[in-house]
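S.K.: In order, the protein sequence lines correspond to chains A and B. Mapping to numbering that gives the first Met the number 0: the first sequence position 182 is 181, numbers consecutive. Mapping to numbering that gives the first Met the number 0: the second sequence position 73 is 72, numbers consecutive.
Derived from the structure by calculation, the hints contain no laboratory data. Glycine included, each C-beta is placed from N, C-alpha and C at the ideal position. Errors might be hidden in some of the hints.
To be verified - Quick list of in silico lysine-lysine cross-link-like pairs, DSS-like style, CA-CA up to 25 angstroms:
no. : chain 1 : residue 1 : chain 2 : residue 2
1   : A       : K120      : B       : K13
2   : B       : K275      : A       : K4
3   : A       : K185      : A       : K199
4   : B       : K188      : B       : K28
5   : B       : K115      : A       : K44
6   : B       : K271      : A       : K4
7   : B       : K15       : B       : K115
8   : B       : K219      : A       : K44
9   : A       : K4        : B       : K115
10  : A       : K125      : B       : K13
11  : B       : K28       : A       : K44
12  : A       : K223      : B       : K271
13  : B       : K115      : A       : K185
14  : B       : K28       : A       : K267
15  : B       : K13       : A       : K4
16  : B       : K275      : A       : K191
17  : B       : K115      : B       : K275
As the list claims (entries may be wrong) - Computed far set for chain B versus chain A, every beta-carbon distance over 10 angstroms:
no. : residue
18  : D7
19  : I10
20  : F54
21  : I112
22  : V116
23  : L139
24  : L274
25  : M277
Claimed, not checked - Covered by chain A, according to a simulated footprint, are these stretches of chain B (three or more residues, beta-carbon under 8 angstroms):
no. : stretch
26  : 11-23
27  : 36-45
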Amino acid sequence: MIAIKVENISKLYRLGNTGTGRLREDIRFWLKRPNATRHLLWALKDINFDINQGEVMGFIGNNGAGKSTLLKIISSITTPTTGRISGRGSIASLLEVGSGFHGDLTGRENIYLNGNILGMKNHEIKNRFDEIIAFSGVEELIDTPVKHYSSGMYMRLAFAVAAHLNPEILIVDEVLAVGDVEFQRKCLGKMKEISGRKGKTVLFVSHNTQALQNLCDRVITLHKGNIIDMGRPADVITNYLKSADNNYLEQSYDAPASAPGNDYIRIKKIAIQYDTEIFDIRTPFSVKFEFWYNDPEPGILIAGIHLFNMAGECIFDVASKGAQLQAGLITGECLIPGNFLNNGAYYLSIVFVKDTTQRLFYFEGCLSFNIEDFRENTAWFGKWMGYVRPSFPVILNQQHVL
Amino acid sequence: MKHNESWDWEINAKTKWFDWNLREIVSYKDLLFRFVRRNLIASYQQTVLGPFWVFIQPVLTTLVYYIIFGKVVKISTGGIPPVLFYLSGILFWSFFSDCLNGTMYTFLQNASIFSKVYFPRLIVPVSNVISHSIRIGIQLLLFIIIYLYNIATIGMVGNYYIFITPFLLLLTAGFGLGGGLIISVFTAKYRDLDYALQFLLRLFMFATPVVYPASIVPEKYRFWYWLNPLTVITETFRAAYFSNEPVHYIRLTLCTIEVVGLLVLGITLFKKKELKIMDVV
């Protein structure tokens, strides 16, 4: 039995042009003048798919792929430009948690307010009220205005309400991306519990490929408003990661004149290379670089690589041994083993130093890349803690038998 | 597979005219009253005098008008005790302008929640109007106390038409809501309207018998003057409380037709545009 049928859904946005000229643009648009097509963007193009009752469907794609727009259309928040969606069963969407929370109202009032906004009736909230408070863990402050809550408590209370919704179709967008690790664990656990219930249909957008893999029955990849892939989570996610274009894995230049650098150093090429299909935490990779060296008074040259995470924290700073080199083309390489870095996004810089003190050239943020997560035999799929992710053995031994 | 053709809900590219879907609004009545409660609680949080502001505002305004228009400019009140005269005008005018102002920025003020959750958007302006109705209900008690005091001390005439008061309030709310709904669709798109509207609203107050009686309006403008629903409402109210004249049924009927027409137009336009408008806010 089909729960949601999506047919020929397209969505056209008119971009920009706020302020003056608005009315003129509008009139042009009504008159269908060709000029009016300048600021148009198809956020979704002719989308078709069915979701069966009880199925958990995941959506993945880069920013701007149309995931959120699609969920907004299915949630009736905005209308499609063309097409039709038909469905069976009550529907509730969580595109954010804590919608309508009012700082001046108490936690108790806000539970009712938020619950009503999400479509719950007073008696339903009343029945689950104790459960909601217990889940949120803010019992003592339930009669305090929420503006006095810490942001963590605020989020917990907000999610607690959302988690006790009981629609037949549930739409969830990225709400799990917030909060601390402990909170994420709780949310994902609840998500799994909800999606595991019989007959519950869930639409789930996330960047967390691990969560998608664990929770979903099928996954759809969106790219620039089109469905480019749909099927078993493992296959779809693998394809998505292979094609991921958020990485900047190589820079190369043909001639010194156009290459980045200065009189001493010109970068010919810098690249990250790996042999596997997917770049995940297990993958060893190397940073390979080539540069033109043109120092009239060559000294002892050192090349160093600085790796940063996206928060700008330096993960490591490694350097070559000092070498007496002549002007010309030089190549270098740094090998980084697998099972070393944690998953996440990184960027790196390369530095050239002469005679240990004189910085010849610093090529900042020249490459960026994403290390995907990989896990086996574990039920935990929130963000793994730590900067590094070594696979040191942890061994258990039975000493006694009771 | 015949049963596969029966869907519970459907989303289409085209929204229909006259698709008010009142049943859906009824199913969200818990939310409606929750918003009313929120509006009332939240508006007096962190104020020292709290709910007393409901009284203080009209009393202070009455006092100011009494001094400026009554004592300084000396505009006639048509034989009605000045305090009651100004208070009655102020109550209806502020009720109208609160309903209108509370409705006409619906999309702008609720953009963040409207872009994340679906519920019938009409709930928001209607809950606003209900909150203001509760306020004016309380304010009318104040009016009635002063009114009874005046009857006891100076012996005024009034007549049984005072029981038409709830209907007059309903008309005022409908006028504010209907007008506000229409305007809300445009303020979302064209922000300039905001400036123009606040100016027009101030002008409109002077086209309404708030600080002067309708009887001083020159004969040649009267036809147009009485087309203003608020003129009919305010003057009907005053006639009921301060004279023994019967209700002017023709004017009241015309006023009702205008208000109902505006409300139907407002709800229709609002329902038609409520989702599409969010793409431009």
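S.K.: Starting from K188/B, check that the Cα of K28/B is at most 25 angstroms away, please.
M.R.: violated (29 angstroms)
S.K.: Compare the distance between the alpha carbons of K275/B and K191/A with 25 angstroms, and conclude whether the hinted pair is satisfied.
M.R.: Judged against 25 angstroms, a Cα distance of about 34 angstroms means the pair is violated.
S.K.: When you check the alpha-carbon spacing of K120/A and K13/B, does it fall within 25 angstroms?
M.R.: violated (30 angstroms)
S.K.: Holds or violated: are the alpha carbons of K115/B and K44/A at most 25 angstroms from each other?
M.R.: holds (22 angstroms)
S.K.: Holds or violated: the stretch 11-23 of chain B covered by chain A, criterion of 3 or more residues with Cβ-Cβ distance under 8 angstroms?
M.R.: holds (count 3)
S.K.: Decide if the proposed pair is consistent with the structure: K125/A and K13/B, CA atoms, cutoff 25 angstroms inclusive.
M.R.: violated (38 angstroms)
S.K.: Is the nearest CB of chain A more than 10 angstroms from the CB of I112/B?
M.R.: violated (5 angstroms)
S.K.: Beyond 10 angstroms from chain A, beta-carbon-wise, is M277/B?
M.R.: violated (5 angstroms)
S.K.: Compare the distance between the alpha carbons of K223/A and K271/B with 25 angstroms, and conclude whether the hinted pair is satisfied.
M.R.: violated (29 angstroms)
S.K.: Just want to verify: L139/B was marked as not at the interface with chain A; is every Cβ pair farther apart than 10 angstroms?
M.R.: holds (27 angstroms)
S.K.: Need the status of pair K4/A, K115/B: alpha-carbon distance at most 25 angstroms?
M.R.: holds (22 angstroms)
S.K.: Take the C-alpha atoms of K13/B and K4/A, compute the straight-line distance between them, and say whether it is at most 25 angstroms.
M.R.: holds (17 angstroms)
Figure legend: structure checked against the earlier numbered hints; hints not met, in rising order: 1, 4, 8, 10, 11, 12, 14, 16, 18, 19, 21, 22, 24 and 25.
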